[in-house]
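Colleague: Protein chains in written order, with this note's numbering: chain D, 9 to 343; chain U, 9 to 343.
Each statement offered as a hint is correct.
Here are the simulated lysine to aspartate or glutamate pairs, EDC-like style, with alpha carbons at most 20 Å apart: (1) 202(U) to 109(D); (2) 83(U) to 200(D); (3) 202(D) to 109(U); (4) 342(D) to 307(D).
Residues of chain D placed beyond 10 Å of chain U at every Cβ, according to the derived structure: (5) 184; (6) 260; (7) 282.
Keep in mind the hints are simulated off the structure, nothing from the lab.
All C-beta atoms, glycine included, are put in the ideal place defined by N, C-alpha and C.
Protein chains: 2
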Amino acid sequence: MAERMARGVFRTEAPVKIKSFAAVAGEKEGQGPLGECFDEVISDSHFGMDTWEQAESRFQLEAVSLALNKSGVHKEDIDVICAGDLLNQCIGSAYSMRELEVPFLGLYGACSTMAEGLLIASLLTDCGLAQNAAAVTSSHFSTAERQFRFPLSYGGQRTPTAQWTCTASGAAVISREGCISVVGGCIGRIADLKISDINNMGSAMAPAAADTIQRYLAATGTSPADYDFIVTGDLGRVGSPLLTDLLLKQGIDISAVHRDCGAMIFSPEQQDTNCGGSGCGCGASVLCGHFLPMLEKGELHDILFAATGALMSPMSLQQGESIPAISHLIHLRKD
Amino acid sequence: MAERMARGVFRTEAPVKIKSFAAVAGEKEGQGPLGECFDEVISDSHFGMDTWEQAESRFQLEAVSLALNKSGVHKEDIDVICAGDLLNQCIGSAYSMRELEVPFLGLYGACSTMAEGLLIASLLTDCGLAQNAAAVTSSHFSTAERQFRFPLSYGGQRTPTAQWTCTASGAAVISREGCISVVGGCIGRIADLKISDINNMGSAMAPAAADTIQRYLAATGTSPADYDFIVTGDLGRVGSPLLTDLLLKQGIDISAVHRDCGAMIFSPEQQDTNCGGSGCGCGASVLCGHFLPMLEKGELHDILFAATGALMSPMSLQQGESIPAISHLIHLRKD
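With the rest of the complex left out, here is chain D (with noise of 0.2 Å):
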């Protein structure tokens, strides 16, 4: 049984462990400044398949897979797998389930969708349904551009505020056992402050990670201090300062422990990368390769993951409607 904090907010009973995990990047990525993080560093944007959509299954797979491997689970005995994407119909995470066979709940979260799926494979954990669940999400910078911006081919200018969105993918498998505790988590709120420009999420999405990040310290009776690190998923370099402006007017200050994973994947000046990188892989990838290692070796030992999504349709913007944003939250600590 999880305790019920607040709204949204838990915190789990039994013990529920991530017991393994790994991250997956393109090249770009991998060139990064966290490019050593990664398992694996794939070259190919069509990692060998004929199209970007089945690159990124692939990506999903290979990081589903080494998870997998590290801890020797096998995929038969994953009981829930809680995975999504970009891509409309989430057909990045439908064809990479139809090759694993598993019992699949598909989610939309958009960038939301790593701390959304931990927080369901956790609470399915806790609840006593599964013994391993995993989750996992992936960006292709390929897919994405094609499907809310523009072809690749048309080789449009980037505005100064816009993020790369990141060829990734992370996972991990969450069961009794592991030295990364999942202690809690709160559920997200859509905000909606009216932005409507498709090239500033950041902007779009900082409000909602207000709104999470403030809830689940109120309701913990936590501060800022009481973590090493709260990161989020991908807001940017214009995303995270409006982060912490939002909660500095609420009285939290979080400037001394906030990261962001789009902030830091890439180097904007040598990658030409603008506000840096987005995506749901993005923050999966930086969970799974960066943070989660930093805590398996007690380098870190309390930090708050809250992954933001801009859940914005080309067609809504289009019907002059505004981005309606979400950020979803997990509590990690190192046992």
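Please arrange chain U on chain D, whose structure you already have, making use of the hints.
Modeller: Leaving out everything else, chain U in the frame of chain D:
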């Protein structure tokens, strides 16, 4: 704590109940054989909004609002709502959840979404996270046809195996109290027998339903005779006999108890709907408008609701892929 019966199959242990529910449908659905069962029939396909997509969000809001009103639960008392729909980026749900301001888990299971949402909402109630949870989903003929098939104004011919996407929404509130128990459920796996005809979804989905129903019966040691009905979401007139055939080959005869929401919601001969209804809103509205009231009144005692989803993407079909399908199941009992 839920009891794990087999991989992806569980029985609840704590009381998990459907407290209230509601169904809202469009004009054509209201003119069908089940027209009397819906809480509201909305004759304006725009539901007073500027776009059909906004109308679909309003269908969801209306269904949730009616379900909450029936049980006297305020939206502020809902700990989490599980929602999804067929639209790219699930915008039907994102924009309705923006209005509700409730902690929100976004799902993508295509037409299986109502069962997926009920599963997750039930397990989060079982595990203690939620005192009140909700599940909602929707579909809209005009948004779905535009996205998946042809612009309506094109006036394309429909094939004999085509189904008619329902304009409808269903919502249910899950809690510790109520007169219908969520007894257990089964999380689906992807099934893909290489159907690639976007106008023959019933055939694509039947193997997924067969797999899920077989797994639940085997894990619980029950047989079709133990249930008043085994209800599928939208297999329609082509998919339904395929399901009974597939199960019969495994020695399971559901022919006496099988009902399909898609085959029930329209009179195909009078309403020109070929193989019947489809869409997330089809199964959800027939469950919440027809089957749950029968359970509530004691006219039924045990049913399985196995909604099926064709996770089809127009793009991946153009790329030569087939349609992956999934079916999630929930077991409901009158107390």
